[in-house]
Amino acid sequence: MIEVRNLTFSYSKDKQALHGLDFTVEDGEIFGFLGPNGSGKSTTQKILTGILKGHGGRVSLFGQDISAGHGPEFFQQIGVLFEFPYLYANLSAVDNLNYFASFYPWQQRRDVGELLEMLEFKPDFLKKPVSSYSKGMRQRVSMARALISNPRLLFLDEPTSGLDPSGAVLFRRIIEQERKKGTTVFVTTHNMMDADLLCDRVAFISNGNIVALDTPKRLKEKNSNHRVVIDYLYQGQLETKTVEARSLEAGIPFAHDEIISIHSQEPTLEDMFIQYTGRGLS
Amino acid sequence: MWKGFCALFKKDCRMLASGKFFLLAVVFLILYTAYVNFGYIRFMQMPPYNVYLYDPAGTQTEASPLIHMVPSIEAMDEALLADANGVGLDASAGDVRVVLYAGAENIDRHRADYALSLLRPSANSTPEVIGTNTPEQKARKEITCELLFFELAAVGFLGIAAVLFKEKSMGVIRVHAVLPLQRNLFLLSKLAVFLLSDLVFAVLLTLLNVGLSGGVVLLPAVLLQTAILSLMMALVGLLCALLLKDFRQFTLAYLIIAIFAATPVFLSANTSIKFDWINFHPFYHVYMGLKNAYFGAAISPVYYIGAVCAIVLLFLLVQLAFRREMEKEG
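Just so you know, the protein sequences line up as chains A and B, in that order. If you count the first sequence from 1, position 257 lands on 257 in our numbering, and the numbers rise without skipping. If you count the second sequence from 1, position 271 lands on 271 in our numbering, and the numbers rise without skipping.
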């Protein structure tokens, strides 16, 4: 779906934003692009969505090199959720969606009402202007805008930003549903939980370079110390011991009366990010 | 493409309606029309100066009824003190002496000649009028032209910038960068809405103030000039809105641009005096184009070439600024 080879981009002579990125995103894959502010995430996404021109290297989407520029057919196949909910504040959710939908062929459009219902949008606000919506409601309308054209390729920038925990769960479920339909999803995020729960593979980008690319599970496994922490009761005392995971194959290797809990010492995705890039995400 | 343009056009109309732009245009139309019909035309029909005559012996038997008789020289002084543009005529010593409260080198002779002419109205020769306009028609066309020019140059320009600033602050311009839509349509729809609204405004202002029969004949030429000015000002408004950070920054630029564009109206309207340098002022030619349209005078093809070049150049600049805006960080 997306093939990027030696992608470079400079905003000016002395400000190179991307230093030769290489990655591919397969059809139907959820691909996470993780990096701190100023790392080159947005620049990459803008190049892929055709907003930014003048890149070096080779980028092809839907099997076609994008250097020649994007025609309307390209934009008919993509949906983009921006980091901020960009909507007409004086129009209602329905009017906004009808307006943005009107640029797509009618056969391709989804039903505005169904889409908003799927996003659990409060029905009382359907006809009210966006200026009266909370951030979470605006984010829902923005997501509906990105999905309105049934895109084959979905670009999501911080999809769960501004949502409460149940909203974030809903969005992740919807992204999963999209993938099941065959949609390819390119997620740019700071949110490690989103990346961990959603993405088939993630790329860590730092200072315009991809420093690691793999499935979240493998990234964590590769760097795991393979130890477990066991809380247990022995002779009426609560105690804790850290042991090699392999040592559990023959049973608990120490005297105990009752096991309270066993925790693996697997690193988090954020730990991995810091390890690879030497810096945090925020 | 046509469907996309219609969607943009409809949305722009809604934006303008919600921003009360159309309502404002109607209010301005009513204000201008009331000013022309109840203020300006009546004012133009008034005598230019009040003339006060002190003639204790009653020697000025033919004096025009427009002259105000005063009973004493003190009363005349008082009248001139209160009306500094008035002209006093003192006929108490046989010869008529002209008295002015405040002097102005170029106007004194005109005021004195006018006042003296009122003493013998029958002796005045009536000049032959070779133009087709009556004084009222001339006044109506002149003021309508000035008001239309002012509206297009100062008010419409403000409206288009306000709409784009609103869209800029909502971030929706960036959304249009990823829609299956030719980017120029975003700009063209705005130009079309403003052009259409300016043309409707020009039609109504002309018909209401020049008159139905007189106005209809002028409309094709007036609408062509309106279109030229409207497009220029709309493009300047778009450029300002794209280049400047916010509406606060724009207010200063607006003042400068609006005063610059309206300068020809302040300096050359209703007078045959023409400064040499005004030929270098681009909006002087646009203003004269509109004035010539109202008076049916010929307009040089060089002006049209210049106007088209200016519009194309402005459009290219707006396009460049628009692309830059789309690429900006969210």
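It is worth saying that the hints were derived from the structure and are not from the lab. Mixed in with the good hints there might be a few duds.
Simulated pairs of lysine-lysine, DSS-like, Cα-Cα distance not exceeding 30 angstroms [unchecked claim]:
1) K20/B / K3/B
2) K245/B / K135/A
3) K328/B / K3/B
4) K127/A / K10/B
5) K10/B / K128/A
6) K245/B / K15/A
7) K138/B / K122/A
8) K138/B / K127/A
9) K181/A / K3/B
10) K138/B / K135/A
11) K138/B / K10/B
12) K20/B / K15/A
13) K128/A / K20/B
Derived coverage of chain A by chain B (criterion: at least 3 residues anywhere in the stretch with Cβ under 8 angstroms from a Cβ of chain B; other residues may be distant) [said to hold, decoys possible]:
14) 69–76
15) 132–141
Beta carbons: idealized from backbone N, C-alpha and C, even for Gly.
Hints versus structure:
1. Between K20/B and K3/B the alpha-carbon distance is near 26 angstroms, which keeps this suggested pair within the 30 angstroms criterion.
2. Of the supplied pair hints, the one linking K245/B and K135/A holds, its CA atoms being roughly 24 angstroms apart against a limit of 30 angstroms.
3. This hinted pair checks out: K328/B and K3/B have alpha carbons roughly 27 angstroms apart, not beyond 30 angstroms.
4. Using a Cα cut-off of 30 angstroms, the hinted pair K127/A and K10/B holds, with the two alpha carbons roughly 18 angstroms apart.
5. Distance restraint check for K10/B and K128/A: the Cα-Cα separation of roughly 19 angstroms lies within the 30 angstroms cut-off, and the hinted pair is therefore satisfied.
6. Straight-line distance between C-alpha atoms of K245/B and K15/A comes to about 23 angstroms, which keeps the hinted pair within the 30 angstroms bound.
7. As the CA atoms of K138/B and K122/A are separated by approximately 62 angstroms, the hinted pair breaks the 30 angstroms bound.
8. Proposed proximity of K138/B and K127/A is contradicted: the alpha carbons are some 52 angstroms apart, above 30 angstroms.
9. Between K181/A and K3/B the alpha-carbon distance is near 29 angstroms, which keeps this suggested pair within the 30 angstroms criterion.
10. Of the pairs offered as hints, the one joining K138/B and K135/A is violated, with about 59 angstroms between alpha carbons and a cut-off of 30 angstroms exceeded.
11. For a cut-off of 30 angstroms, the pair hint linking K138/B to K10/B is broken: about 39 angstroms separates their Cα positions.
12. A C-alpha spacing of about 44 angstroms is found between K20/B and K15/A, which places the hinted pair above 30 angstroms, so the restraint is violated.
13. For the given pair, K128/A sits about 19 angstroms from K20/B by alpha-carbon distance, which is consistent with the 30 angstroms threshold.
14. As drawn, the segment 69–76 of chain A meets chain B at 5 residues by the rule of a beta-carbon pair under 8 angstroms; at three or more, the given contact holds.
15. Check on the segment 132–141 of chain A: 0 of its residues sit with their Cβ under 8 angstroms from a Cβ of chain B, so the three-residue criterion for coverage is violated.
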